[in-house]
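Based on the hints, put chain B in the right spot on chain A.
Chains A and B, in that order, are what the protein sequence lines are. When we follow our numbering, the leftmost residue of the first sequence carries the number -19, and every step to the right adds one. When we follow our numbering, the leftmost residue of the second sequence carries the number 2, and every step to the right adds one.
No lab work stands behind these hints: they were computed from the structure. Just so you know, these numbers come straight off a predicted model, no measurement behind them. Be careful, since some hints might not be right.
Okay, the calculated bits of chain B under chain A, using three or more residues with CB under 8 angstroms as the criterion [to be verified]: (1) 56 to 69; (2) 79 to 85; (3) 98 to 107; (4) 223 to 235.
For every residue, glycine included, the Cβ atom is placed at its ideal position computed from N, Cα and C.
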Amino acid sequence: MVYTKRLDGRKIDELRPMEAKAGVIPNADGSAMFKAGKTTAYAAVYGPREMYPRFLQNPKIGVLRCHYGMMPFSGSGERIRPGSSRRAQEIAMVMTKALAPVVDLSAFPNAVVDVYVDLPQTDAGTRCAAISAAAIALADAGIPMKDMISSVAVGQVDGTVVADLCYDEEAYDAIVSDVPVAMTHNSREITLLQMDGEISKDDLIKALKLADSVLDKVYAEQKRALKERFPMDKGEEK
Amino acid sequence: MIVNKETISQLTNEGKRLDGRALTEYRQPINIETNISWTAEGSARVQIGETVVMAGVKLSLEKPYNDTPNEGGIMINAELLPLSSPDYESGPPGIKAIELARVTDRGIREAKAIDMKKLCVTPGEKAWFVIIDVITINDAGNLFDAASLATLAALKAAKLPLVDPETGAINYKKKTDVSLPLLKEPLAVTVYKNNNSLIIDPTAEEEKSFDARLTVASDEKGTISAMQKGGEAPLTIEDVDKMCDLALEKAKFLREELNKALN
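Chain A on its own, in the form it takes in the complex (with noise of 0.2 angstroms):
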């Protein structure tokens, strides 16, 4: 085993410094910024609201529809060319599917609810990163939600099995892989699984136990700045 000591000095399970805020974007209906290290992600939540293009509506249940964006300055390399990508597009739609199976639209048929994300600055993990702003955005807008969704990318850097990769890791000149994980809090399911790069069977479940462990950390804060938003004796007041 090589890579004992991690790049940038973080122990095997320990996640970068996270910040999160709730109510960030008050044009929206419910919005959080969520921070990873140096990945930042913004959420918008709009709706429930009419759908269009109308042929998408759904006359039995309201739809959650996610748009990812990076902005074009958020690559540390050259500028992105503002506009949907392939990539962009393809986040959108397992961020969608990672988010949904809490989400309980049956109370809205032929409604959208439209989540945005994007983000000002990456290093990695950017999947995830939207997905807990969308999560929390979602609570902050008062969908109703069954269970929480906390995200957080694992994987296996030159065979080591470590939490939360950054970039330099993603990129590290050795056998890597990167194993984004989404999973619901109480009933510890996996909403979102992908995975690129080179993993034995063995450490794939290393690695996805790992997440399990690590993931409430990242639902503390989710839960900490949703209750800063919302304070309890506020509540108790009225």
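Frame of chain A; chain B shown alone:
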């Protein structure tokens, strides 16, 4: 809040505003924060009241244009994100985003705020090109002034990235301490007119209720570098005279806010 046009119009005639401000007063707080994005060569977040925009500078080395072989270039783009308002949709920039980008661009470009010759590395071959993206986070009105303020703050904060002397490749992860060659610092102020009243810094509701607007970009000496009239109503020369006076006075105020934030 939905307030009809007549109410806002009537209030303005009486010298009043829904939020209790004077007609020519900016909203509070005005917050200007730089280096909000480590991936940009320069960046800023500007908040005026509930309006929030970000601006990010990206630099690249390109071949100069044939007609200006000794100069670099700039381009300003604006994105009205659907994240920032229920009125915005995904897709290519509409006319509102295009106008915002072009008016902000002209304020900087026409003032010759950046010394284009100093951006040139090798004449005819290589020069720095500056692209500024202005992104709305919450559109609560007066994007022109917020965009201009964020753009100038991001330009002032920008540092050139390191260039490998052998390969000529840019190392975007390492910044030098070399700033962009800024000669002037233009800022835009937009004055709105309704009947005979002039107002500054409208909210989104107020913006929809006004007949005409005039954006005036001016530098620290009060030289005007770009203007844009908007809205349906015509303006008299006298109107333009008063609107420019007000814009120049308010530009001083914004400049003080910017200097306070950056020092």
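Under a C-beta cut-off of less than 8 angstroms, do 3 or more residues of the region 98 to 107 of chain B approach chain A closely enough to confirm the stated coverage? With 0 residues closer than 8 angstroms to chain A, the region 98 to 107 of chain B misses the three-residue bar; violated.
| Given coverage of the region 56 to 69 of chain B by chain A, checked by CB-CB distance under 8 angstroms (3 or more) | Per the Cβ count (4), the hint holds.
>> Please verify the coverage claim for the region 223 to 235 of chain B: does it have three or more residues whose C-beta sits within 8 angstroms of some C-beta in chain A?
In response: Check failed, 0 qualifying residues.
Worksheet item: Do three or more residues from the region 79 to 85 of chain B put their C-beta atoms closer than 8 angstroms to C-beta atoms of chain A?
Response: The restraint on the region 79 to 85 of chain B holds, since 5 of its residues have a Cβ under 8 angstroms from chain A and three suffice.
Of the numbered hints listed earlier, those contradicted by the structure are 3 and 4.
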